[in-house]
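S.K.: Both chains are sitting in their own frames, so use the hints and assemble them into the complex.
Protein sequence lines, in the order shown, are assigned to chains L and A.
So that you can map any letter, position 162 of the first sequence is 162 in this note's numbering, and since no number is skipped, the others follow by simple counting.
So that you can map any letter, position 271 of the second sequence is 271 in this note's numbering, and since no number is skipped, the others follow by simple counting.
Bear in mind the hints are in silico, worked out from the structure with no lab data behind them.
Quick reminder that beta carbons are idealized off the backbone N, C-alpha and C, glycines included.
Take the hints with a grain of salt, since some may be wrong.
Footprint (simulated), chain L over chain A, 3 or more residues, beta carbon under 8 Å [to be verified]:
#1 70 to 82
#2 94 to 102
#3 111 to 120
#4 303 to 313
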Amino acid sequence: MDHIASNDILKEGDPIKTRKIKQVIVEIVSDSGEGAQKCGQSFGAISAKMGNGVWTVEIIPAEIQPPARSREGASGIRVRIGSDKVTNMGNHADLVIALNEQVLYGRISQDAYNENTLMFIENKWAKSEHETIRQQYSEALLKFKELGIQVVEIPMEEECLKLIPDPRKGKNMWILGLLCYMYDRDIPKAEDQIRTIFKKKTDAVIELNIRLLQAGYDWAKDNLAYRYEVTPMDVNDDMVVMNGNEALSMGIMASGIELCSMYPITPATSVSHHLAEYFEKVGGIVHQAEDEIAAIGFAIGASFAGKPAVTVTSGPGLALKTEFIGLAVMAEIPLVIIDVQRGGPSTGLPTKVEQSDLLAAIYGEAGDAPKIVLAAATIEECFQFVVLARKLAESLRTPVILLSDANLATGVQPFPRPKIDPSWLTNPFDQSPWKDGVWPFEWDENTGISKRPIPGQKGGMYTVTGLAHGQTGKVAYDPDINQASVESRSRKFAAFQKSLKPPKINGGPEGDILLVGWGSTLGAIEEAVADARAKGLKVSSLHLRFLFPMVPGLVEIFKRFKKVITVEINYSDTPGHPMITQENRRYAQLAWLLRAQTLMDIDSFSNVYGQPLNPEKVLKMIKRELKIKNTNASV
Amino acid sequence: MLLQTHEFCSVPSFDHDYGMEDYGKGVARWCPGCGGHSILTTVQRVCKDMQYEPEKTVVVSGIGCSGRFPHYMGTYGFHGLHGRAFPVASGVKFRRPDLNVFVVTGDGDCCSIGAGHWVHAIRYNMKMVALLFDNGIYGLTKKQTSPTSPLDTHSNTHPKGSILPPINPLQTTLGLANVSFVAQTVDWNSAHLYATIRKAAEHPGLAFVRIVQRCPAFMRDLYGDIAVNPKNLILLSHENGIDLKPKARKAFGRVIEHDPSNIHKAREHAEINNGIPIGLLYQNTDNVRYDEYGAHNLGMGVEEKKQNLESLLDQYTTR
Numbered sequence: 001m002d003h004i005a006s007n008d009i010l011k012e013g014d015p016i017k018t019r020k021i022k023q024v025i026v027e028i029v030s031d032s033g034e035g036a037q038k039c040g041q042s043f044g045a046i047s048a049k050m051g052n053g054v055w056t057v058e059i060i061p062a063e064i065q066p067p068a069r070s071r072e073g074a075s076g077i078r079v080r081i082g083s084d085k086v087t088n089m090g091n092h093a094d095l096v097i098a099l100n101e102q103v104l105y106g107r108i109s110q111d112a113y114n115e116n117t118l119m120f121i122e123n124k125w126a127k128s129e130h131e132t133i134r135q136q137y138s139e140a141l142l143k144f145k146e147l148g149i150q151v152v153e154i155p156m157e158e159e160c161l162k163l164i165p166d167p168r169k170g171k172n173m174w175i176l177g178l179l180c181y182m183y184d185r186d187i188p189k190a191e192d193q194i195r196t197i198f199k200k201k202t203d204a205v206i207e208l209n210i211r212l213l214q215a216g217y218d219w220a221k222d223n224l225a226y227r228y229e230v231t232p233m234d235v236n237d238d239m240v241v242m243n244g245n246e247a248l249s250m251g252i253m254a255s256g257i258e259l260c261s262m263y264p265i266t267p268a269t270s271v272s273h274h275l276a277e278y279f280e281k282v283g284g285i286v287h288q289a290e291d292e293i294a295a296i297g298f299a300i301g302a303s304f305a306g307k308p309a310v311t312v313t314s315g316p317g318l319a320l321k322t323e324f325i326g327l328a329v330m331a332e333i334p335l336v337i338i339d340v341q342r343g344g345p346s347t348g349l350p351t352k353v354e355q356s357d358l359l360a361a362i363y364g365e366a367g368d369a370p371k372i373v374l375a376a377a378t379i380e381e382c383f384q385f386v387v388l389a390r391k392l393a394e395s396l397r398t399p400v401i402l403l404s405d406a407n408l409a410t411g412v413q414p415f416p417r418p419k420i421d422p423s424w425l426t427n428p429f430d431q432s433p434w435k436d437g438v439w440p441f442e443w444d445e446n447t448g449i450s451k452r453p454i455p456g457q458k459g460g461m462y463t464v465t466g467l468a469h470g471q472t473g474k475v476a477y478d479p480d481i482n483q484a485s486v487e488s489r490s491r492k493f494a495a496f497q498k499s500l501k502p503p504k505i506n507g508g509p510e511g512d513i514l515l516v517g518w519g520s521t522l523g524a525i526e527e528a529v530a531d532a533r534a535k536g537l538k539v540s541s542l543h544l545r546f547l548f549p550m551v552p553g554l555v556e557i558f559k560r561f562k563k564v565i566t567v568e569i570n571y572s573d574t575p576g577h578p579m580i581t582q583e584n585r586r587y588a589q590l591a592w593l594l595r596a597q598t599l600m601d602i603d604s605f606s607n608v609y610g611q612p613l614n615p616e617k618v619l620k621m622i623k624r625e626l627k628i629k630n631t632n633a634s635v
Numbered sequence: 001m002l003l004q005t006h007e008f009c010s011v012p013s014f015d016h017d018y019g020m021e022d023y024g025k026g027v028a029r030w031c032p033g034c035g036g037h038s039i040l041t042t043v044q045r046v047c048k049d050m051q052y053e054p055e056k057t058v059v060v061s062g063i064g065c066s067g068r069f070p071h072y073m074g075t076y077g078f079h080g081l082h083g084r085a086f087p088v089a090s091g092v093k094f095r096r097p098d099l100n101v102f103v104v105t106g107d108g109d110c111c112s113i114g115a116g117h118w119v120h121a122i123r124y125n126m127k128m129v130a131l132l133f134d135n136g137i138y139g140l141t142k143k144q145t146s147p148t149s150p151l152d153t154h155s156n157t158h159p160k161g162s163i164l165p166p167i168n169p170l171q172t173t174l175g176l177a178n179v180s181f182v183a184q185t186v187d188w189n190s191a192h193l194y195a196t197i198r199k200a201a202e203h204p205g206l207a208f209v210r211i212v213q214r215c216p217a218f219m220r221d222l223y224g225d226i227a228v229n230p231k232n233l234i235l236l237s238h239e240n241g242i243d244l245k246p247k248a249r250k251a252f253g254r255v256i257e258h259d260p261s262n263i264h265k266a267r268e269h270a271e272i273n274n275g276i277p278i279g280l281l282y283q284n285t286d287n288v289r290y291d292e293y294g295a296h297n298l299g300m301g302v303e304e305k306k307q308n309l310e311s312l313l314d315q316y317t318t319r
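Excised from the complex, chain A in its bound form (with noise of 0.2 Å):
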């Protein structure tokens, strides 16, 4: 009946030569200086340089300002509901191994209404790169508190000050079971920025990368002062980690040596709370996958199906 073999098939054919061009679509309408826009063409680069067949690609979103990202990608997309991307692409991902999933996800859709979603997608460990666009405010709603927003931020809902200290994401995800790669960047270093969302694309499993991302409209002053003093910019070095050219380095002011197999040592970088730790924190491929769960029985044939859904009705057959 239907042949699928190609469901099986995850060996990307090059006989295209696809450009940027193939992957961008429509004028992203983010505000100017947002952080989206080099998000974007980053990942658009990533898609280039592995040369993912567009068609073969889904971007899925929540909602939010960071939940417009798949209308200006090239790919197959789904901008769903708030705080719901991860259970769409896990779906997404399950039954279709040949697929390159994109998970988009902001602060207020991925730690706080999609809170319980993140923990169980990070437990299921498929093969896709998430990125966390965390700017630490909720744009689209006109500047509401974040679960991600400092101590004390001034914001609509909080017009003296938010009263709760923020959720560290780093921390959190480096505590979830079968975590197996934690990643920090920021919008605002371009090589950096191409680096991990390149590492996170060839991570064989859920590749979680948060984005320290600028909102120009709404939070200015929360990464301002990191954006220009790069002293406040630790990069986190290894031969296992993100692989960054010598003169890129330079943009940071320190250094510390980290190898990214340690998780006790991710936790505690995760915790530095005097600058902010870039760089791969946690790797490990070895942890069990949900999706190759999910792929291990495909492919099988109208005939076979019929066959063995007879004979099981044989077992209810009374005469």
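In isolation and in its complexed conformation, chain L is listed as follows (with noise of 0.2 Å):
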């Protein structure tokens, strides 16, 4: 990006250099408890309420408190802004701002700056009475200049001990204010962010968290001899701004959901944490389940006796939820089962982001199980698909699995107000008396549909099992019935998934790559799409929201590509490596779906470092696909 490039601070006289751009990525990097996050979030949401694209992802360490100024201990945000819609965490940092040197390290080994980041760092530590630190820092800053990378010291805690005796708390929001000096945020916009995050707090908390706010811009305007303006969009639709998990637990309320059954894990618990906090006002109410097994299990119970249910877990909850998840299969009870995927195996990365969770929620279950499974692409779909995948759930009598990810987790992005469908609201709570010689599983014999009787309704009187059944819901010891079972609930599926429409390309209707994807990388993936295309490559995406089951007419638009690749966040076999042959190369997760489904030989690019992907990584796979020489890394 186009920083100016400048270690300079104001000199007496200089004229501000003032300059329009696209977009901006910053970030702001801390130890943990220092407040980065608050600010970046604070900076992104002032950023979308004027009318600005945005993209926030967080940077979370693994501990709540892990030793101060540690390399591993990063805490912070990455804030991406732009002119128009952005979709994606984008590649190098334009500015980060870190409250000590050493938390920097690890970003850098994580490729996210370059010789065209700006670096702000807290000049406090220079004069720290500890020489070993003032050593660090000092090097530090050395081997950050060496990397090409513009530091610049900044007096924060001196600035900030001018109003707080403690600046760990309070210097978040002076550097909020710096932020809003240097791309030009509307200030009464910042003072209502400031109101609202601090909603819980006396009025003096407020009022001197909105000095530190001025003061960090007035020192900015004072020192800083550059200013950027990020024109914001003429929008003319309401906007929300919110993050995948917030959109997640509204999806949920507006869904006609009653009932959160969770038990907590990273990184979904904070969907149930929003609906603690409001879902009682609209009808709902949250259980925190013994375990991951009596939350799904509580649900479950909850939708058998007619109240719509959801349980959010992450993959390995997913893991231990598979016996019950069989059983709503079995028993065909509706049921939304949300994962927020992070990364695995076993404990795996809590806070980081992966897509390791698609085969095990298709196929994590004993016996045939066969559920929808979508995912969602981004913050808006978030929220809308909750509504679909309860709307799903109960008129295919089946547990749905939502999944989304750490990325989308934390991130934040503007997208249209929700209008919310009254009917949306109803829920399946009939008590009319069932009819008369009508089984509780009368398959039609089509669709493999069925309609339930619940509890309450005379006449409907039945034992749900997770033993084998035939259409009486009696046990079943004829073995035609358990053939004839497992197919009428194998046909829902088929018949819904003649209801698909095949999917929209991105792109060229064919050319020499097609770019599959699924999930949170949709962003990364069309925009480095858009950004080959530009240089006239002949490339294309596709990304799938149904993973069981698949939209149709994949194999006709695939065959229209010289090659077709996945792009996912999950491991998958390097080629090239002396024990990986054609024989035993493990593919990723959704490229071994496609293998299948399709019978062509389908490739796939993916990895697990635990970031979002970028579209620069996409990029550069595309161009070695193609065999073009790359020549500029940040294209």
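M.R.: Next comes the structure, spelled out in structure tokens:
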């Protein structure tokens, strides 16, 4: 990006250079507990309110309070704002503001910065009473400068001390003020934002934070020789701005679900925090169960009794829930299961993104247990897909697994305000007498769909069982009944698949490469495709929302491209290693599915760095595939 | 939109006189002589005497011989997963205060694979009757040691005799937070079995009843001696306890006066090891009930929900 390369602090009489830019990526990085995320989220929210496109990604350490000034303990946030819609975290940061120099090492190893990055570092460490710290500080600055990063030392602590005795709390709002000046943000909107985030605090606290904001703004005005304008979009629609987990929570409330039964697990838990605060006001309730298994069992019990329910979890929790998911499939009990994916296997990377639960979601249960699996690709879809999932769960009498991930969970993006349809909020609580002579599993011969009795309905009394059963619901001892009932439960998904439309292609309908993605990678893939196409490369992409069953028409689309490659955040073997052959190579998860489904030689590009995908990595891969020499790393 | 007033209607309507036949379904497939048969009849009798509407009654079970119970009831039933009857039953009850819920669970189901749920179900104290069918052995999988098998039980998993002392379900339950009703009865004394389940059904909270049960196939001897020797049954008697006719009291060799409000004495009696204490060990009707929390905001109309959602969305709206 085109920051004015500068170490210069404004000198008396200098003109301030203002430049219009299309977009900017800002990071704020600190030790845990210094409020970097609050600062960045506020910067993002203010920008969204001004009409800018926004995408934020939180940088979260694995511990609550890791040791101070540690390289691995970086806690922070990346905020990308633009004149247009922003769909991903982008490549290298344009500006990073660091509260200490050590936390930057981790980000550098994650390739977050390059020679165009401007780095603002807290300068108090230069005067530390500990020689080690002074030494570390000067070493780091030297190292960063060697990397070509432009480093500017900023007296954040010193300035904040003029207002508060302990700047550990409060410095973040001073930084927000600095950012508001630098990127010409609306100060009344920033003050409003402070009132919102500190709404549970006293007026004195709010007042103090507004003064810190103003102080940061004034300091920047007096000292920075540059300023940027990121022109907002002209938006006519009402927009809402929230993160993916808030969108899931709002979607749950808007979907008519009235019970969220959960057990705490990162990165899914904040969905239930949000629900715990608001759900009861819209007729719902959160149940914190004793474990992951009980959480889904409780939800299944409620749904059986006619109360729409959801359980929210992440990979390890999904693993624990599999037996109950199998029961919900077998007994045909509607249920929404949300999996906010994180790195695995096992405890894995609890705060980092991965898309490794796809096959587990589709095939995780013992026995044949088909159910709908869909994945949200945007924050907006986190909202809309819960509504969709509940509707599908009930009309097809099935569990539905909705996949999100750690990137969407904390990512913030504005989207058009959802228009809530009152029909979403009605529940299936039918208490009229059950029609005489109708079986509890009276499967339609063509669609496999049946209507379920709900406790309270006279004449509908039946016993749910996980044992093989026929249409009557009674335990089946006859092998033909099992064959027929497994077939009926499978038929529903074939019937549903027939109602789906072929996917839209992003880019041309034919070409050299088609990238196929799913989930949160949508923005990065489409940005890479746009960049590639701008260079004349024949690259297109398509993004799947339904993973099971899959949309029709894939083979016809794939045939029009020389190569089809899935792009995913999960593990696949990289060809070229001496141990990896055509025969033993493990593909990324969607690629496995597509290869099986289409009998085509579909390749995959994936990795598990725990980082959201950025457009540059995808573009590099495209060029590698097309054997185009990489000349400029930051295209 | 949808009228949901029936959700609050907990007064049973007696416009229908339900008979025993309304609570039965199919033919029970337990072994001849299995205690399950008498418990089934007793639960059906209690339902009839309480005039529970069959469609408003849900029996939830786990897996094992006891798990088949709901299949033989003319009510709604849920034959779920091994050890997981409690979470399902709790979910059923949480938003449906109008339903009468029974949990049927076995000793392996409740005290082993589902022990975690047992602990928490007691703590939730939701109004339901929980029946522990305790025959001290895994029956359906053919004679493995159960967590309640006495020490030195010879089974297919411990052919030389079991090594660990058994869990005492009464002792365990009485040690749990928010416990509100613990009783013990036996499958072969129908008067006491009925009176106990009836008392449990009337309890405003989770009524935990351990039913000492015979397994004629794999645990013939476990309670055999006790069954033939009434001296081994110790009746816990009190005006607030299980209501038993004087004639029925004669079946018990020993009688101890026990006030069920005294949890310390209850814990002492739970540990009796020279006989089986029968009766109400503990009852407290003042405990917190999680089902009351679950039902506190039921019945909100669609319009109100939409309005509150819109004002919540306002908080996230940028312009």
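S.K.: Does each hint hold? Answer for all of them.
M.R.: Now the hints, each set against the structure:
1. Evaluation of the coverage hint for the stretch 70 to 82 of chain A: fulfilled, as 11 residues show C-beta separations to chain L shorter than 8 Å, against a requirement of three.
2. Using a Cβ-Cβ cut-off of 8 Å, 5 residues of the stretch 94 to 102 of chain A lie near chain L, which meets the minimum of three, so the contact claim holds.
3. Counting residues of the stretch 111 to 120 of chain A whose CB falls under 8 Å from any CB of chain L gives 4; the rule of at least 3 is met.
4. Counting residues of the stretch 303 to 313 of chain A whose C-beta sits closer than 8 Å to any C-beta of chain L gives 9, which meets the bar of three, so the coverage hint holds.
The structure agrees with every numbered hint stated previously.
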